[in-house]
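Which chain is which? The protein sequence lines are A and B, in order. Just so you know, we're using my numbering here: the first sequence kicks off at 1 and counts up by one. Just so you know, we're using my numbering here: the second sequence kicks off at 1 and counts up by one.
Rather than coming from a laboratory, the hints here were simulated on the basis of the structure. Using N, Cα and C, we set each Cβ at its ideal position, and we do this for glycine too. There may be inaccurate statements among the hints.
Across the chosen pairs, the derived CB separations fall in these ranges [claimed, not checked]: (1) A/Ser-350 - B/Asp-34: 44 to 52 Å; (2) B/Ile-104 - A/Tyr-258: 53 to 61 Å; (3) B/Ser-99 - A/Phe-104: 45 to 53 Å; (4) B/Leu-4 - A/Phe-46: 50 to 58 Å; (5) B/Asp-96 - A/Ala-108: 51 to 59 Å; (6) A/Tyr-258 - B/Tyr-125: 29 to 37 Å; (7) A/Thr-348 - B/Val-73: 50 to 58 Å; (8) B/Pro-97 - A/Leu-352: 21 to 29 Å; (9) A/Gly-296 - B/Met-1: 52 to 60 Å; (10) B/Tyr-23 - A/Leu-194: 29 to 37 Å.
Derived lysine-lysine pairs resembling BS3-like cross-links, with alpha carbons at most 30 Å apart [what the hints assert, rightly or not]: (11) B/Lys-35 - A/Lys-185; (12) B/Lys-24 - A/Lys-79; (13) B/Lys-114 - A/Lys-185; (14) A/Lys-185 - B/Lys-26.
Pulled a few chain A residues facing chain B out of the computed Cβ check, cut under 10 Å [stated by the list, open to error]: (15) Phe-9; (16) Lys-79; (17) Pro-80; (18) Cys-83; (19) Ile-86; (20) Ile-98; (21) Thr-192; (22) Ile-280; (23) Phe-344; (24) Ser-346.
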Amino acid sequence: MHDLITQGFIYPNDVSVLWSLMIVLYPYITGLVAGAFIVSSLYHVFGDKNLKPIANLALVAAFCFILFCMTPLLFHLGKPFRCFNIMLTPNIQSAMSIFGYICFFYMAILIVEIWLVFRKDIVEQAQGGFLLKRWSYNFLALGVKDVSDESLSYDKKIIGFLAAIGIPFACILHGYVGFLFGAVKSNPWWSTPLMPIIFLLSAIISGIAILVLLYICIMKVSKKEIDTRCIQSICKYFWIFLIIDISLELLEVFNMAYEGEESWGIIYQLITGKLAFNYILVQGLIGSLVPLVLLGIVSLRKVKDSVLIVFASLSSFLILIQVFAMRWNVIIGGQLFSKSLRGFTSYTPSFLGKEGILVAIILFSLPFVALYIISLILPIFKDEGGSEVNIGEGNN
Amino acid sequence: MPKLCNQCSEPNCVQVCPVGATYKTKDGIILIDDKHCVGCGYCVQACPYGVRYIDHEGRGVADKCTWCYHRIVKGLLPACVLACPVGARIIGDLNDPESEISRIIGENRVAVLKPEIGNEPRVYYLGMDKEVR
């Protein structure tokens, strides 16, 4: 029966997939921002001391990702040089119009918070070294040289405040993306009130995943010891958020199947046909079920440190793929069937071209380049002994 | 069956445009200011009827049928109405109860596409099969 009512035709304008790989990449990167900031806030606001080793990395990583989160959109826009129209003449009825304000405001919160966290180190670096280095750090210090205990204690209060107000803004930054899709009533694959929550939860797990992978890789490359208490602690949060995320995603599809509205015919064909590999295998079995089991093991049982690190790394890697697959399945998947609900189209991204795979790889690499550059300037990893760890350097 | 922009009374393409480039005139026609449009494509995604597109090969902005607004403001008929060899298309002022279109809609069973969406489309079809999407 489902076969009968899903054949027919597609609207002519539905032949080409308009929101392409760039639009998949954009919520992926903003998701990493939101997720990384939430991890930082678990330390700065909720006081989980086990997360201290990655709290500053989380903050700087969030900043590096937000620096480049707009670039996929600029590559997608038909008129990218008019991009500031979104802030100059916003239509406040549109969810997309708030993006510019939220993004810049959130960037400001991150910059100020990072400055406060590293202010003492900046002032110390400004005291010695060659002339250009002293000038640069003096410039970064913005004329504030007081690093007394009282001053640093005041900094901590402001950091806590910024981290606290940053949480709802992180939720809005990524929740609005989910709302952007969830509020499109003409697309039954997108239209659900659960979409903002699903996007936000998958953002959190992707943020945790990238931080775990970054931390483990950087410590391995720098030949520094990995704080396994930190990994153990973050894996528990990781597991809980993953459970909630999977539950909501399954609930959404189950609800659609149960209600069996007219659109279910073509959505069923989409999930079991066009998206079967991506949705069921990549996002479902490999990307969700395997990490669910691995993280459950490390969260509920005491395992050897080597096993913990392997399970955490593998889970993180799979979750990063799962979240990308989820974005793909929602965004591209929603455009693979026509609004006539009577036919499909197809999409294969080009390798070259302004919305191609090569551009996506380059844009996704840029935050990591920025992270490396910032790690040369700020001591993102300062171990208990006070020695710095710069990414890529061995233990001296 | 021919389809065109429905010039909805409650257009969600106007609602979703982030820069206000898509707007409704006082006549009720939905137009696009192509000097302001950024080409994001949100309106294309939002339209339930698939009548909008991004002019990738030309101006890089959104476009659609405008009911030949440039002609109707001069009292001329849209090109499709003129072209129809059997007079199957009629355009008129629904606010005028004496107009031909008000009479036809008042006296006949008419249907619109996707009434359940809530956009209140203003293209009416006489004798449309319920299977038409």
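Each hint tested on the structure:
1. A/Ser-350 - B/Asp-34: 44 to 52 Å: Given about 26 Å between the Cβ atoms, the range is violated.
2. B/Ile-104 - A/Tyr-258: 53 to 61 Å: Cβ of B/Ile-104 to Cβ of A/Tyr-258: about 42 Å, so the range 53 to 61 Å is violated.
3. B/Ser-99 - A/Phe-104: 45 to 53 Å: Hint holds: Cβ distance 50 Å, inside 45 to 53 Å.
4. B/Leu-4 - A/Phe-46: 50 to 58 Å: holds, 56 Å
5. B/Asp-96 - A/Ala-108: 51 to 59 Å: holds, 55 Å
6. A/Tyr-258 - B/Tyr-125: 29 to 37 Å: holds, 33 Å
7. A/Thr-348 - B/Val-73: 50 to 58 Å: For B/Val-73 against A/Thr-348, whose Cβ atoms are near 44 Å apart, the range 50 to 58 Å is violated.
8. B/Pro-97 - A/Leu-352: 21 to 29 Å: violated, 59 Å
9. A/Gly-296 - B/Met-1: 52 to 60 Å: Given range 52 to 60 Å: holds, Cβ gap about 55 Å.
10. B/Tyr-23 - A/Leu-194: 29 to 37 Å: The hint (29 to 37 Å, Cβ to Cβ) holds, given that B/Tyr-23 and A/Leu-194 are roughly 31 Å apart.
11. B/Lys-35 - A/Lys-185: The given pair, whose Cα atoms are some 28 Å apart, holds under the 30 Å limit.
12. B/Lys-24 - A/Lys-79: holds, 22 Å
13. B/Lys-114 - A/Lys-185: Between B/Lys-114 and A/Lys-185 the Cα gap is close to 12 Å, so the pair holds against 30 Å.
14. A/Lys-185 - B/Lys-26: Given pair A/Lys-185, B/Lys-26 holds - Cα atoms ~25 Å apart, limit 30 Å.
15. Phe-9: holds, 8 Å
16. Lys-79: holds, 5 Å
17. Pro-80: With a closest approach of 8 Å, the A/Pro-80 hint holds.
18. Cys-83: holds, 6 Å
19. Ile-86: holds, 5 Å
20. Ile-98: With a minimum Cβ separation of about 9 Å from chain B (threshold 10 Å), the hint on A/Ile-98 holds.
21. Thr-192: Violated: closest Cβ of chain B sits about 15 Å from A/Thr-192, beyond 10 Å.
22. Ile-280: violated, 25 Å
23. Phe-344: Violated: closest Cβ of chain B sits about 14 Å from A/Phe-344, beyond 10 Å.
24. Ser-346: With Cβ-Cβ at 17 Å, over 10 Å, it is violated.
Of the numbered hints listed earlier, those contradicted by the structure are 1, 2, 7, 8, 21, 22, 23, 24.
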